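A.B. asks: So you can see what is in the structure, the chains are spelled out below.
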Amino acid sequence: MTLTEKILARASGKSRVEAGDNVWVNVDLLMTHDVCGPGTIGVFKREFGKDAKVWDKQKLVIIPDHYIFTADSMSNRNVDLLREFVKEQGLPYFYDVIDDEDGHWKFDAALGQTKKQYGSRYTGVCHTTLPWKGHTRPGEILFGTDSHTCMAGAFNQFATGIGNTDAGFILGTGKLLIKVPESMRFFLEGAMRPGVMAKDVILHVIGDIGFDGATYRAMQWEGPGVFTMNMDDRMTIANMAIEAGGKNAMFPCDQKTIDYVNERTKENGTKSEFEPVDIDADQRFVYDKIFDLSKLEPTVACHPDPGQRKLAKEMGNVQLDRAYIGSCTGGKTSDFLAFAEVVKGKTVKIDTFGVPATTKVVQELKDVMVDGLSVWSILENAGVRMTENASCAACLGGPVDTFGRLNTPMKCISATNRNFPGRMGNKESQVFLASPYTVAASALTGRITDPREFIS
Amino acid sequence: MSHVITSPVYVCADNIDTDQIIPAQYLTLVPTIAEEYEKLGSYALIGLPDDLYPQRFVPEGELKTTYKIVIAGRNFGCGSSREHAPIAMGAAGVEAVVADSFARIFFRNCVATGELYPYDSNERLCDVLTTGDIATLDFDNDTLTANGKTYQLKPLGEVRPVIDAGGIFNFARKSGMIAAKAEA
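Respectively, the protein sequence lines represent chains A and B.
Using my numbering, the first residue of the first sequence is number 1, and each one after it goes up by one.
Using my numbering, the first residue of the second sequence is number 1001, and each one after it goes up by one.
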């Protein structure tokens, strides 16, 4: 069996499953957020009754992260709806924007977009929060009401996005009926050369198989190249399985995975036992291809979809209006470190926005010093507009006052994960997806630029 | 009981993602709140680029569309997991989408909510039909007839009874998989 089949077999109490089987799985974790949480709760109450209790309080994690730092009153209300439900159900894992359990969230536009407006429990983007707060464990089953839930596949977890109705069903029963996906294998050899990042790997692969090349399928990553990558790199790759239509991403578990998970579960006092799945000899794949990482170059996905692959070096004639770094895929500390490496001591030429994925990333960027300056200062000195308000922000557009949102037709290069028309706001604008290195180099020149021009 | 509808069709191309079906700024509306559900319908397909789609899907200021059938190319509903997408279309009055192929989560959300019938076509109908053409969709025989020609669609199979029942909860109760609904 493939890694995905092994996890699904275990979760459905069977000794063996095959692609195409429909199985009821026991859910280890359900995650929801401010955009889909209120609707999920609505489905749960409509179907199970207003006094119904969730199936297992320890297995539900609620993370407001999408539309938080906006004066839009409906968005603020949706965070309050989550808080009411958490209180009513007595849920332990809710990373609220404010500290007052009886309070109401209201963003204060007068204080501006860049200074911190959250309490001590707020964390930021859900997919980056889950592993940080010790909720991600190898061998388990995670469903989330968000398509980028597949990011947890980096940790040898079966993780996929679902809608409100399915999530409401899980809230009441702890189970879900799913089809076992066929698996595709991406076998990575070699190591990435300077100037190339994990983002280039996934953009290259999506360009190879197409925007729907993994529809309904699991994307399994193997080979020595995988083990050269740290967990942040694996997360970047797993995150974008959905951009090829994939149901989930799946990485093998190694010592890096185990150390990362053990440290986080210990720090947060969450469940520490887990059982990874290992690679079998008799795996069956519907696609199997070797990729040599040393051959990859800085890659861009052009408007209007993530499969429009080109090399950055071929695109120097594309003039840009904006650069953006942030999101689950591209807003981790390592992403900002790469960005800072390129812009240090220089000045960006176009409007450039930086949104850390989590509040921990904000702290790390302020704490990590390079040549006597914090990474945060290096970025600000280069002219990057940094916000302390970690969230999904303009990655998915959001309400019109969202930090970094494209409110007029413009061309933006972005370290985020999706570029369909209108994704970051204005529906006539164009978004080019690239690595933090490439976004940084392009911010310096105002046109799409191969970062190797700046990296020695 | 025969199930046949006749309606003008709305035709779109490949890769219509969830941001084009319901742009992110409208996700503040909660589908389980009745008036917000209706409002979602008024924004269905409002994210389609104006230059490619000069005919609005839902007329300005109205809640419903005149197009009960949407025809599309490959990968309809790709992108986010937002259930608001099939719900907005269903709330606007759409009964079926006939496409070359669907993205997984959108397809599943159609079935789970019972809002829409997601039909796979055998041939590329978005190249032969034009917005405004009158079509008849026969759910019993899995055919679409337009401009004097009948096209065979791929049968919906095991998802059909789930959508007929109005979604997974109704289906699961009917078939005894979960207990009858508690009185709220």
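No wet-lab data here; the hints were simulated from the structure.
Just so it is clear, the structure is predicted and the values come from calculations on it, not from any experiment.
Every residue gets a Cβ at the ideal spot worked out from N, C-alpha and C, and that includes glycine.
Treat each hint with caution, since some may be false.
To be verified - Derived list of chain B stretches under chain A, where covered just means 3 residues or more per stretch with a C-beta under 8 angstroms from a C-beta of chain A:
hint	region
1	1010-1022
2	1027-1040
3	1059-1067
4	1073-1085
5	1097-1106
6	1124-1134
Claimed, not checked - In the EDC-like style, the derived pairs of lysine to aspartate or glutamate whose C-alpha atoms are separated by at most 16 angstroms in a straight line are:
hint	chain 1	residue 1	chain 2	residue 2
7	A	Lys427	B	Glu1158
8	A	Lys427	B	Asp1050
9	A	Lys57	A	Glu84
10	A	Lys295	A	Asp367
11	A	Lys349	A	Asp371
12	A	Lys366	A	Glu380
13	A	Lys179	B	Asp1051
14	A	Lys256	A	Asp280
15	A	Lys344	A	Glu453
A.B. asks: Does the structure keep A/Lys179 and B/Asp1051 at a Cα separation of 16 angstroms or less?
C.D. replies: 39 angstroms, violated
A.B. asks: Has the region 1027-1040 of chain B got at least three residues whose CB is nearer than 8 angstroms to a CB belonging to chain A?
C.D. replies: holds (count 7)
A.B. asks: For A/Lys256 and A/Asp280, compute the direct alpha-carbon distance and say whether it is at most 16 angstroms.
C.D. replies: Violated, at roughly 20 angstroms.
A.B. asks: Does A/Glu380 lie within 16 angstroms of A/Lys366 when you go C-alpha to C-alpha?
C.D. replies: Roughly 11 angstroms separates the two Cα atoms, so the pair holds.
A.B. asks: What's the verdict on A/Lys427 and B/Asp1050, does the C-alpha distance respect the 16 angstroms limit or exceed it?
C.D. replies: Between A/Lys427 and B/Asp1050 the Cα gap is close to 9 angstroms, so the pair holds against 16 angstroms.
A.B. asks: When you check the alpha-carbon spacing of A/Lys295 and A/Asp367, does it fall within 16 angstroms?
C.D. replies: 35 angstroms, violated
A.B. asks: Between A/Lys349 and A/Asp371, is the straight-line Cα distance small enough, at 16 angstroms or below?
C.D. replies: With Cα atoms ~24 angstroms apart, A/Lys349 and A/Asp371 exceed 16 angstroms; violated.
A.B. asks: Given the proposed pairing of A/Lys427 with B/Glu1158, does the C-alpha separation stay at or below 16 angstroms?
C.D. replies: 37 angstroms, violated
A.B. asks: Quick one: see if chain A covers the region 1073-1085 of chain B, three-plus residues with Cβ-Cβ under 8 angstroms.
C.D. replies: holds (count 9)
A.B. asks: Confirm or reject the coverage of the region 1097-1106 of chain B by chain A under the rule of 3 or more residues with a beta carbon closer than 8 angstroms to the chain's beta carbons.
C.D. replies: holds (count 4)
A.B. asks: Are there three or more residues in the region 1124-1134 of chain B whose C-beta lies closer than 8 angstroms to some C-beta of chain A?
C.D. replies: violated (count 0)
A.B. asks: Given that the region 1059-1067 of chain B was listed as covered by chain A, double-check it with a C-beta distance under 8 angstroms for 3 or more residues.
C.D. replies: violated (count 0)
In summary, the structure is inconsistent with hints 3, 6, 7, 10, 11, 13 and 14 from the numbered list given earlier, while agreeing with the others.
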